[in-house]
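Engineer: Working from the sequences, and respecting the hints, build out all of it.
Chains as they are written, first to last, in this note's numbering: chain A, 472 to 849; chain B, 9 to 252; chain C, -15 to 582.
Source of the hints: derived by calculation from the structure; they are not laboratory data. Don't take every hint at face value.
Stated by the list, open to error - So the derived label-pair ranges between C-beta atoms look like this:
#, chain 1, residue 1, chain 2, residue 2, range
1, A, Gly586, C, Asp195, 32 to 42 Å
2, A, Gly586, C, Asp341, 47 to 57 Å
3, B, Gly126, A, Ala838, 33 to 43 Å
4, C, Pro325, A, Asp724, 35 to 45 Å
5, A, Gly586, C, Pro325, 50 to 60 Å
Claimed, not checked - Here are the simulated SDA-like pairs of lysine to any residue, each with C-alpha atoms no more than 25 Å apart in a straight line:
#, chain 1, residue 1, chain 2, residue 2
6, A, Lys550, C, Val119
7, A, Lys735, B, Pro65
8, C, Lys409, C, Asp311
9, A, Lys706, B, Pro65
10, A, Lys706, A, Asp690
Treat the numbers as computed from the prediction; the structure is a model and nothing was measured. Yeah, the Cβ is synthetic: ideal placement off N, Cα and C, and Gly gets one too.
In case you want the letters, here they are:
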Amino acid sequence: MSSGPETFYEVMRRQGISRRSFLKFCSLTTASLGLAPTLMPQLAHALETKPRIPVVWLHGLECTCCTESFIRSAHPLVKDVILSMISLDYDDTIMAAAGHQAEEILDEVRATHKGAYILAVEGNPPLKDGGIHCLPGGRPFVDKLKEMASDARAVIAWGSCASWGCVQAAKPNPTQATPVHKVVTDKPVIKVPGCPPIAEVMTGVLTYMLTFERIPDLDRHGRPAMFYGQRIHDKCYRRPHFDAGQYVEAWDDEGARKGYCLYKMGCKGPSTYNACSTVGWNEGVSFPIQSGHGCIGCSEDAFWDKGPFYERLTSIEPFAAEGNADAVGATVAALAGGAVAAHAAVSIVKTAADKRDARNARAAARAAQEAGSNRSDA
Amino acid sequence: MSIQTGRDVHAADITDDDASVQRTTIYVYEAPVRAWHWITALAITVLIVTGYFIGSPPLSVPGEASDSNLMGVIRFLHFSAGYVLAIGWLARIYWAFVGNHHSRQLFMLPFWRRDYWGGVLWEATWYAFLRTEPKKYVGHNPLAQFVMFTVFTLGMFFMIATGFALYAEGTGLDSWQYALFGWVFDIFPNSQSVRTWHHLGMWAFVTYTILHIYAAVREDIMSRQSMISTMISGERMFKDNRDD
Amino acid sequence: MTTMQTPNGFSLDSGGRRVVVDPVTRIEGHLRLEVNVDDDNVIRNAVSTGTMWRGLELILKGRDPRDAWAFTQRICGVCTGTHALTSVRAVEDALGIAIPRNANIIRNIMQLTLYVQDHLVHFYHLHALDWVDVVSALKADPKATSALAQSISPWPLSSPGYFRDIQGRLARFVESGQLGPFRNAYWGHAAYRLPPEANLMAVAHYLEALDFQKEIVKIHTVFGGKNPHPNWLVGGVPCAVNLEGVGAVGAVNMERLNLVASIIDQSVAFIDQVYIPDLLAIAGFYKDWLHGGGLSSKSLLSYGDMPARANDHSADSLMLPRGAIIDGDLSTVHEVDLKDPEQIQEFVAHSWYAYDDDAQGLHPFDGVTEPHFALGPNTRGDPGTRIDALDESAKYSWLKAPRWRGHAMEVGPLARFVIGYAQGKPEFKEPVEAALRHLDVPVAALFSSLGRTAARGLECQWAAYRLRESFDDLVANLKAGDLSTANTDLWEPTTWPKTARGAGFSEAPRGALGHWVEIERGRIRNYQCVVPTTWNGSPRDPAGAIGAFEAALLDTPLADPEKPLEVLRTIHSFDPCLACSTHVMSVDGQEKARVVVR
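Structural biologist: Structure follows, in structure tokens:
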């Protein structure tokens, strides 16, 4: 082994994995990332020799679930990511340094790795009142974020907070929490949404960038297409029950025990782009639908405001508690129907009255004519 | 008699020479327009019924999942009817270029013409029972034109765009449907919002259908020209020969 | 005036040099600490400031109460699930919903799983580096390390070769010059006391624990579908049980139960053979560093948790003790009632909020939060650029100051253990006494940073064994034929009263957690949370009483004020969670924030 930074290959060798197995791992990784088999040697070479790229991981308004998810990564193990793949120079949640010694690292990384480090952002900056609602290090987080983004090579927006705004940006967004791409506009921002994102998706995106030295293919919203290209619904193992018309009608009913589709319980799988139904959670042990609860859509923009989570149709403010598209639409249609019925009734009455008036008028005219002729007769 | 269109026809054009003919008819809706109307009516009916059930599925089906495909059928009908609606709409747009004068009325709102709005007002007063006798129209009356354009025409574009965008979610990011309609997700990043709007759009069409059918029946009875039969034969029949 | 006496018995001296630690790292959220040290570098004044505010309770207004668990769960991703549990309990309390027995057991299993994982991660990954010098491990003799490890535990990963490999990897890491998360730390600091071998052993276990913690949470994944942020349900749990019927593969079945059982066994082994031996070994080197007691010897509070009997939330049903201790009087454990307006009140005299009368406290049911960011006249610096020092005589934190019958309280594992100890419960008393005997220290040693850290370890062990018992309860109940996991009688909002209000409680790993909800016409009218770190990290109240963080820092000598390792050590012993504690609520839409810099 070399005496320099330990490479990914060395990690695997140290753990008793042969070169043969290592190459097999590389080809599996290549396949699972949907890459051409010809890229396999490139991946193997990269994992064998790459030095570690500095990563600065900032926390704004958040709940730390992204970091917690990240440390759950099983392949690669997060200890190997931290010790051998990246140089995690700054991350409030796990770094040993604190206070001004911690803040100095930011300046050092900016100075020594200008344009070379990856900025990972968990959480988002609140912009209201100059950003006073998040003051790490005694100053607005938004300033820290912009400063660190200005010299970064690329920005990863971890989780739904950084990608979309998430819970603190749900209506009425009291702190004006703002996603990263609206603050950092001059750098590529890779969104890895989810509340939190799946651990292996996080490490998968990161290692893809390290391995292939490029940003993965992104969809129109800036999400890596390899993990966010399809909906949970498209690959859900309960999909046959959806197509068959077999649904959980109430919690813990017969359908729930048989694993029927959770569509009627408000599952947002049909409108949620994520890898839960394929990659699974926590080494593929399960994912929300498999454990009996519908998807709440946590990787989608503004999913907090598309609830309630237990209704298929989104509530429409400011209507009543059960106000959704059906309630609103049916009300409008019923009003239209009622108006039509009333209008029809009035039309009939009025027409009848008009005819009577016309008849009377004709009768009166006839009477007048007869009276006139009588007069002339006289 | 019938007057072949090709030039603007107004009630005033029907001269006293025609007085000998008690009932005047004018050819308004050409065959493609009529066919389109009824095909679209059928498609919309199917779309509304299946669309409602996609949002609120019927009670669960018992038995093995492989024995049933109820939601699959409902969605298939919805998508098929959607294609029929969309292709029909494209054909209808084409016909607006090559068809007669009346075939273009659906796509136009003379927004800047004062007399048009006067006509809308006049027609509104007729519906408010403030007039004893309506005017005669060869095409749509101004109020009808307004509703047609704002609810139906714009609604069709809206429903087709949102519908195909949602359909593209199933066909995938590399499908032509996504290439053509993916922009909808730039406006609504969360497709659940597109569902909500598409669903509201359905109710707009339900409401429109109620009003449309009512107005057609009522006008057929109370106005001075034929309505329902016109969309079958294409000929507008006037019940009298007086001007306006 | 630089010296003053606080009503809760501490003397403060704000003369001397001001030392600022911001950000405090290895915690959840954003915390700032400022201390004044005297000429001997002893802390004489402490100021604890929450520097973030999100407004979740305001966001909850007008939502479906059945959704509230998901919102409040996002208060914190570290103690993930505990807010959700508290929230469903609050809603169930308001609406009078009883949950099935299986649901109660599964919820207990979820909560105990969190305890095991969260305490383990806290000890090794958030706290250990305050006691363990990573760089010193390079000087260790792997053979001696192996001997040390084998002398304290039967854990199999303890050969000289194993430790040599770890050391080699660490050496290459350090030699690379890219120290990553270990960069710029206080390595070589005089306050580190462990010999190189103990440091190396701890580093090895730091890495092992990092691998292992992800296994524990798979229990959450089985029952809740994912972790962090598993799914919960008002009225029960979302996972259905199907042991042998058609479709059983889509529900909790034998394979799932086996997975849970296997993880519980692994957890018990790891805690018994790694965590507890490490804890006692490290504590042995620090047993004369007994600073950081603060409020722990005076005022402690616990709401209790894990009901042994479903829907019975009385103190004697709860596996974790409920009660309050005042002024260090262990002979009396006071009853705690979350709904009593006289007991829990929040004050904002020194918080960035405004009340009609800042001198008054409000019970959470009557809570008002109007953000009001204002800095005192002696502030140095500016929030727009950088605050150099805050003025604690004015408002200085996004945390409110909760008080129990007017007392500042400490919450958390130590509070729970001391309350259980005072109640004479053997499951808390015996392990505490055994640990004290092992370390040969008096009971008073409990009231320290080290005591807090030790209580957390003992509680982790307690939780692992309770996890096994709860699992056995679940199997026994299923065996008896009870498969029910949810009560849907009151699921539909149409079945609810027009107005209702309720309180939910739990013991988060960090301490007492309460949610208060008011429901009107099927929607949330008011939602309040009072969370552990709001208790521990609270700023001063109108009377000037200081909170647990501030109290614990007092009188601690710093070896080097430039590198305030001792401050981190004491604060980390509380396991702070700032995203949780930064409060917001506005009952009547008073969400207007004002910025005043005087």
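Engineer: Is the hinted pair A/Lys735 and B/Pro65 satisfied, with a Cα-Cα distance of at most 25 Å?
Structural biologist: 8 Å, holds
Engineer: Next pair to validate is A/Lys550 with C/Val119; report whether the Cα-Cα distance is within 25 Å.
Structural biologist: Holds - the C-alpha atoms of C/Val119 and A/Lys550 are around 17 Å apart, at most 25 Å.
Engineer: Quickly compare the C-alpha distance for A/Lys706 and B/Pro65 to 25 Å and report which way the hint goes.
Structural biologist: Holds: A/Lys706 and B/Pro65 sit about 20 Å apart, inside 25 Å.
Engineer: Could one say that the CB atoms of C/Pro325 and A/Asp724 fall in the range 35 to 45 Å?
Structural biologist: Cβ of C/Pro325 to Cβ of A/Asp724: about 41 Å, so the range 35 to 45 Å holds.
Engineer: Take a quick look at whether A/Lys706 and A/Asp690 sit within 25 Å of each other, Cα to Cα.
Structural biologist: 18 Å, holds
Engineer: Has the hinted range 33 to 43 Å been met by the Cβ atoms of B/Gly126 and A/Ala838?
Structural biologist: The hinted range 33 to 43 Å holds for B/Gly126 and A/Ala838, with Cβ atoms some 40 Å apart.
Engineer: Holds or violated: the 47 to 57 Å window for the beta-carbon distance between A/Gly586 and C/Asp341?
Structural biologist: 55 Å, holds
Engineer: Is the distance from the Cβ of A/Gly586 to the Cβ of C/Pro325 consistent with 50 to 60 Å?
Structural biologist: Since A/Gly586 and C/Pro325 have Cβ atoms about 59 Å apart, the given range 50 to 60 Å holds.
Engineer: Given the hinted pair C/Lys409 and C/Asp311, is their Cα-Cα distance within 25 Å?
Structural biologist: With Cα atoms ~21 Å apart, C/Lys409 and C/Asp311 stay inside 25 Å; holds.
Engineer: Between A/Gly586 and C/Asp195, does the beta-carbon spacing fit 32 to 42 Å?
Structural biologist: Between A/Gly586 and C/Asp195, where Cβ atoms are some 34 Å apart, the hint holds.
Violated hints: none; the structure is consistent with every hint.
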